Amino acid sequence: MEERKFLSPHTRKTGLTVVSFSGPEVTDYGNQDSDAIPFSDGDIEEWTRPPAQHPAADLPPGIPLHGLDRAMTAAADAAQGLGLPGFTLTPTPWLRSALRLRPGAPLTLEDDRGPALRLICWRTEYERSAYRLPWPRTSGCAVVIRPDLLDILSERASAPIVTRDVVMRLEAD
Numbered sequence: 014m015e016e017r018k019f020l021s022p023h024t025r026k027t028g029l030t031v032v033s034f035s036g037p038e039v040t041d042y043g044n045q046d047s048d049a050i051p052f053s054d055g056d057i058e059e060w061t062r063p064p065a066q067h068p069a070a071d072l073p074p075g076i077p078l079h080g081l082d083r084a085m086t087a088a089a090d091a092a093q094g095l096g097l098p099g100f101t102l103t104p105t106p107w108l109r110s111a112l113r114l115r116p117g118a119p120l121t122l123e124d125d126r127g128p129a130l131r132l133i134c135w136r137t138e139y140e141r142s143a144y145r146l147p148w149p150r151t152s153g154c155a156v157v158i159r160p161d162l163l164d165i166l167s168e169r170a171s172a173p174i175v176t177r178d179v180v181m182r183l184e185a186d
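Under my numbering, think of the first position of the sequence shown as 14, with each following residue one higher.
Read the hints as simulated data drawn from the structure, not as lab findings.
Errors might be hidden in some of the hints.
Stated by the list, open to error - Restraint-style ranges between C-beta atoms, simulated for each label pair:
| id | residue 1 | residue 2 | range |
| --- | --- | --- | --- |
| 1 | His23 | Ile174 | 28 to 38 Å |
| 2 | Leu146 | Met181 | 18 to 28 Å |
| 3 | Tyr139 | Leu163 | 30 to 40 Å |
| 4 | Arg25 | Asp164 | 29 to 39 Å |
Nothing here was measured: the structure is a model prediction, and the numbers come from that model.
Where is the CB? At the ideal position from N, CA and C, for every residue including glycine.
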């Protein structure tokens, strides 16, 4: 997920914001909603919750593997700080259960072989001014997965896993 703000050449204020989403989901070729972002509702606390006590069930087709936390309630003041973007990606409970993951280092889930999933965040293209603090025009985050876990996911999903990309244009008010 990445958000990029484009400045108006005349006012140097944000004139346009483009948000791009790219996320894996279990395929449902018969019922694709191409306008929907490829994420379910998420909660940043998924990175710190203890493992579920129930076995992973088959995931029905058409379900995203990651969530998107828009409220960032659990992040409290950090939601507006330097460490996290405005939206944060989270693993879904099914993904955590299917890969048998548990919390590890901050924003990392691990299995018996070590780190398995990790959230990475970035900010770049800072705008500077004599009148205000620098702010990033581009910020985003991604969930990275240890490569050997992709085969395990493919075996445990009820349909093929695909990555969908959605780009949204947001006009300034």
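| request: Please flag the earlier hints that this structure goes against, numbers listed from lowest up. | output: Hints 1 and 4 not satisfied by this model.
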